[in-house]
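Visitor: Working from the sequences, and respecting the hints, build out all of it.
If you want the building blocks of each chain, they are given just below.
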Amino acid sequence: GNSVTQMEGPVTLSEEAFLTINCTYTATGYPSLFWYVQYPGEGLQLLLKATKADDKGSNKGFEATYRKETTSFHLEKGSVQVSDSAVYFCAHSSASKIIFGSGTRLSIRP
Amino acid sequence: NAGVTQTPKFQVLKTGQSMTLQCAQDMNHNSMYWYRQDPGMGLRLIYYSASEGTTDKGEVPNGYNVSRLNKREFSLRLESAAPSQTSVYFCASSETVADRGYGQYFGPGTRLTVT
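Going down the list, the sequences are from chains V and L.
All you need for this note's numbering is the position in the first sequence, starting with 1, plus 7.
All you need for this note's numbering is the position in the second sequence, starting with 1, plus 765.
Honestly, the hints are just simulated from the structure, not real lab data.
Ideal Cβ positions, reconstructed from N, Cα and C, are used throughout, including at glycine.
Do not take every clue at face value.
Label pairs and their in silico Cβ distance ranges [unchecked claim]:
| id | chain 1 | residue 1 | chain 2 | residue 2 | range |
| --- | --- | --- | --- | --- | --- |
| 1 | V | N66 | L | S845 | 41 to 51 Å |
| 2 | V | K59 | L | T780 | 44 to 54 Å |
| 3 | V | E22 | L | E817 | 42 to 52 Å |
With the Cβ distance kept under 7 Å, some of the chain L side facing chain V (calculated, not the full set) [to be verified]:
| id | residue |
| --- | --- |
| 4 | L808 |
| 5 | G868 |
| 6 | G874 |
Guide: Quick look at the structure:
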């Protein structure tokens with residue numbers, strides 16, 4: 008069935024380090040792919056998205072490329088900041104709903 | 766433009782009590798959703814409403830009912846609360862359920878504890 012698998016956390020990095028959070032999906036057809044971010048005590052916010060193969064979504068220095076051949080949508084950022092500490096969710100759309108991964112907690116040390 | 770609002774923010778219930786969680790959106794979206802978030806389990810869809818006048822079960826509907834009151838409002842009711850329903854509940858909305866890459870917009874959540 009449709010699912011999203013993302014790397015387990017927590018992920019702890021130092022400020023200015025390079026970030027990668029892996030995400031792979033299983034789906035029928037050609038779903039849209041999303042990354043959401045959840046800051047403490049808040050709801051999820053859409054961070055970036057890609058709607059077709061080879062599209063790159065980007066926002067706030069984060070990027071992810073829709074790789075159909077590897078069914079992946081890995082999240083990257085070249086230089087993380089303390090303010091990036093949050094939980095990140097990968098997701099894909101199916102016909103009538105969005106399927107979320109279990110989330111990856113990211114902590115950035117000053 | 767408030768986006769998606771939810772009330773209450775926090776609630777404590779005793780086992781067997783009932784309550785309704787309220788959700789409203791001001792983005793003129795057609796579709797609305799209720800999720801629960803539990804540690805280590807991500808988000809699980811409880812119910813959704815593709816459009817005004819329709820509701821459908823999600824992944825974990827047992828113990829819940831919903832009402833799509835109008836295009837703006839979508840409520841979630843617990844008729845007889847159980848400790849297993851202790852969770853954080855999120856309401857979300859989107860332009861449509863069809864896959865057009867719009868994504869969903871989330872409210873701030875309701876933290877519910879059932880003792």
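Visitor: Compare the structure with each hint and give your call.
Guide: Evaluated hints:
1. Distance hint check: the CB atoms of V/N66 and L/S845 are about 43 Å apart, consistent with the given range 41 to 51 Å.
2. Checked against the hint of 44 to 54 Å, the pair V/K59 and L/T780 passes, with Cβ atoms roughly 48 Å apart.
3. The hint said 42 to 52 Å for the Cβ distance between V/E22 and L/E817, and at roughly 47 Å that hint holds.
4. Interface restraint check for L/L808: the shortest CB-CB distance to chain V comes to about 5 Å, inside 7 Å, so the restraint holds.
5. For L/G868, the shortest C-beta to C-beta distance to chain V is roughly 4 Å, which falls under 7 Å, so the interface hint holds.
6. The beta carbon of L/G874 comes within 5 Å of a beta carbon in chain V, closer than 7 Å, and the hint placing it at the interface holds.
Hint compliance for this structure: every hint is met.
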